[in-house]
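*Asks:* Line by line, the protein sequences give chains A and B.
Heads up: the first sequence is residues 0 to 260, going by numbering that gives the first Met the number 0.
Heads up: the second sequence is residues 0 to 320, going by numbering that gives the first Met the number 0.
Hints listed in this document are in silico derivations from the structure and should not be mistaken for laboratory results.
Any given hint could be a false lead.
To be verified - Listed next, with one range per pair, are the computed distances between beta-carbon atoms:
#, chain 1, residue 1, chain 2, residue 2, range
1, B, Ala4, A, Met28, 53 to 61 Å
2, B, His212, A, Val126, 54 to 62 Å
3, A, Val36, B, Arg181, 18 to 26 Å
4, B, Arg57, A, Val143, 51 to 59 Å
5, B, Arg116, A, Thr153, 34 to 42 Å
6, A, Gly32, B, Ala132, 52 to 60 Å
Cβ atoms here follow ideal geometry from the backbone N, Cα and C, with glycine treated the same way.
Each chain, written out:
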Amino acid sequence: MSTTAYALRDSTTMLRRYLLRARRYPMIMFLIGIPVVMLLLFVYVFGGTLGDGIAAGGGRAAYANYVTPGILLLAIASAPQLTAIGVAQDMTEGIIARFRTMAIFRPSVLTGHVLGNLVQLVVALAVVVGVAVAVGFRPNATPVEWVAAAGLLTLVSFACVWFGVACGLTARTVESASNLPMPLILLPFLGSGFVPTDSMPDAVGWVAEYQPFTPVMETVRGLLLGTGIGNSAWLAVAWSVAITVGCFYWARARYNRDGVR
Amino acid sequence: MPTPANAIEVTGLRKAYGDKTVLAGIDLRVPTGTIFSLLGPNGAGKTTAVNIMSTLLRPDAGEIRIAGHDPASDPDAVRAAIGLTGQFSAVDNYLTGAENLALMADLNHLDRREGRRRIADLLARFELTEAAAKPATTYSGGMKRRLDLAMTLVGNPRVVFLDEPTTGLDPRSRRTMWDSIRGLVASGVTIFLTTQYLEEADQLADRVALLDHGRIIAEGTPAELKRLIPGGHIRLRFAGPAELESAAGVFGTSTRDDDALTLQVPSDGGVRSLREVLDRLDGAAVEIAELTVHTPDLDDVFLTLTGRPDTAATLEGASNR
Ligand SMILES: Nc1ncnc2c1ncn2[C@@H]1O[C@H](COP(=O)(O)OP(=O)(O)OP(=O)(O)O)[C@@H](O)[C@H]1O
Ligand SMILES: [Mg+2]
Chain A
0 MSTTAYALRD
10 STTMLRRYLL
20 RARRYPMIMF
30 LIGIPVVMLL
40 LFVYVFGGTL
50 GDGIAAGGGR
60 AAYANYVTPG
70 ILLLAIASAP
80 QLTAIGVAQD
90 MTEGIIARFR
100 TMAIFRPSVL
110 TGHVLGNLVQ
120 LVVALAVVVG
130 VAVAVGFRPN
140 ATPVEWVAAA
150 GLLTLVSFAC
160 VWFGVACGLT
170 ARTVESASNL
180 PMPLILLPFL
190 GSGFVPTDSM
200 PDAVGWVAEY
210 QPFTPVMETV
220 RGLLLGTGIG
230 NSAWLAVAWS
240 VAITVGCFYW
250 ARARYNRDGV
260 R
Chain B
0 MPTPANAIEV
10 TGLRKAYGDK
20 TVLAGIDLRV
30 PTGTIFSLLG
40 PNGAGKTTAV
50 NIMSTLLRPD
60 AGEIRIAGHD
70 PASDPDAVRA
80 AIGLTGQFSA
90 VDNYLTGAEN
100 LALMADLNHL
110 DRREGRRRIA
120 DLLARFELTE
130 AAAKPATTYS
140 GGMKRRLDLA
150 MTLVGNPRVV
160 FLDEPTTGLD
170 PRSRRTMWDS
180 IRGLVASGVT
190 IFLTTQYLEE
200 ADQLADRVAL
210 LDHGRIIAEG
220 TPAELKRLIP
230 GGHIRLRFAG
240 PAELESAAGV
250 FGTSTRDDDA
260 LTLQVPSDGG
270 VRSLREVLDR
280 LDGAAVEIAE
290 LTVHTPDLDD
300 VFLTLTGRPD
310 TAATLEGASN
320 R
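Take these sequences, add in the hints, and give me the full structure.
*Replies:* Okay, structure coming up:
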């Protein structure tokens, strides 16, 4: 008897479970709230000054355009924390023993979390884009460019959610699961998310230049606003795939460890 | 496939964590359609044994057949045949009772109609119909435990593992749980139950095995095991050595402790034997300072079989969940 035949059905069931829980405890508010507050803060408080640094006399309008990709990545970077908490909750409670002793597609517990978090994050990103447009974000993208940007953001989200799953499986407690992915939130700041990297001191600039989020933000900016992309697109895709694959194997190794916590 | 005569067959099961041996080679045989109880104090290895048989843990050594299948080579076949209600609550607290059961129906790949029928049936059977639409967080300990067992039964398992199903429940909830368990066996299910309570094993099990420090130290029917237990006793304490001395003269068979000024007189703990003891003391005009009646319990079993008391069994018994 093979449970692989039930891969789709069991994953869908677990996704449904995730969404039922999410409806009762809407963590999505956290995914939307933080980036929106940051967006308003940066556009209305710092935007006037920072925008002049982006383009001479650009002001707030120029900064709303510049910062939006960074804000989207901030939303994505905060997602693994929720993912990790949810996974760690499952792993530290009795229910995982129940799932593991049922003849179901074994990874479906994890695929449910991945799909659920992805759906939630994509919805959050759409809302954040809407708010950004309301405060002055003026993309000039063609439909194809929109689709490409959405595709890339989804790919990066997928990678980050897998990172969250791996963290959730690695942590021994729910508390440590919520701390483990936290540093990720710094990446949009230590990159081209809020100010161009060439304005940073050498060491920071180097980190900013070669970390995964910078090429993603540059590509999204290029697609939506028509700035130069260069080789960022390939780098962004390569990073996303590498992180996804790495975290998938990391998560799988943790999940299949011999033992129940 | 035909139903095997033994739902559970375990030979030479061993498991160690590092250099700590948890199961030191145990053998178990549970005939199909019976209740088997594994009795043992905290840390005896009960959960470890259940986890291995239910495919959660790999053993270090041993041959295992659950409903005829080998967990090592065909874990999914074992999983399809079993249901586990673990020691720790395995309900999704964020979902309602009905949603928890629906989740199980989906994961058991029941079709919609069949799923709904079973859910309604189980809710009624476990007296959860009224609470069905409430989140499990709002359930009492007893309700949660009933939901836990109901979830285990959605898939119609042929072998059910219950790891301390009544620890932490009040006497009434415990009795309800016992009735449910008896009902299950009546429908042909095999039950493997762990417990710290001698009474529970006595009430439910066809056969009982005593697990202590990873070894089965006794196995048999509850009646056979009870024959191994010494009878109860009445413990008398006296104000001084003189009283103790005269009391010891009154009773032929007794155990005396000169330091504690106590005398243990064999007794079944009943009123008649108590009255007889008091009458005889009255007759000899001996005053007692204190009297305690002691009925046999798990402690006595372990004391008899291992030669040392295992206070953990009774002291920590109720504070487990
Ligand atoms: N993952 C583990 N690593 C190390 N030791 C463990 C592990 N799991 C259990 N043990 C040890 O194995 C022994 C048996 O544990 P087990 O949980 O099987 O006992 P139990 O009979 O179920 O006890 P209880 O009545 O408290 O539930 C204990 O001494 C425990 O500390
Ligand atoms: Mg246990």
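*Asks:* Each of the hints needs a verdict: does it hold here or not?
*Replies:* We went through each hint and held it up to the structure:
Checked against the given bound of 53 to 61 Å, the beta carbons of Ala4 of chain B and Met28 of chain A, roughly 58 Å apart, stay inside it. Between His212 of chain B and Val126 of chain A the Cβ separation comes to about 59 Å, which falls inside the hinted range of 54 to 62 Å. About 59 Å separates the C-beta atoms of Val36 of chain A and Arg181 of chain B, a value inconsistent with the hinted range of 18 to 26 Å. Remark: the range hint 51 to 59 Å for Arg57 of chain B to Val143 of chain A is upheld by a beta-carbon distance near 52 Å.
Restraint check, Arg116 of chain B to Thr153 of chain A: a C-beta distance of roughly 40 Å satisfies the suggested window 34 to 42 Å. In this structure the hint that Gly32 of chain A and Ala132 of chain B lie 52 to 60 Å apart at CB is violated, the actual value being about 30 Å.
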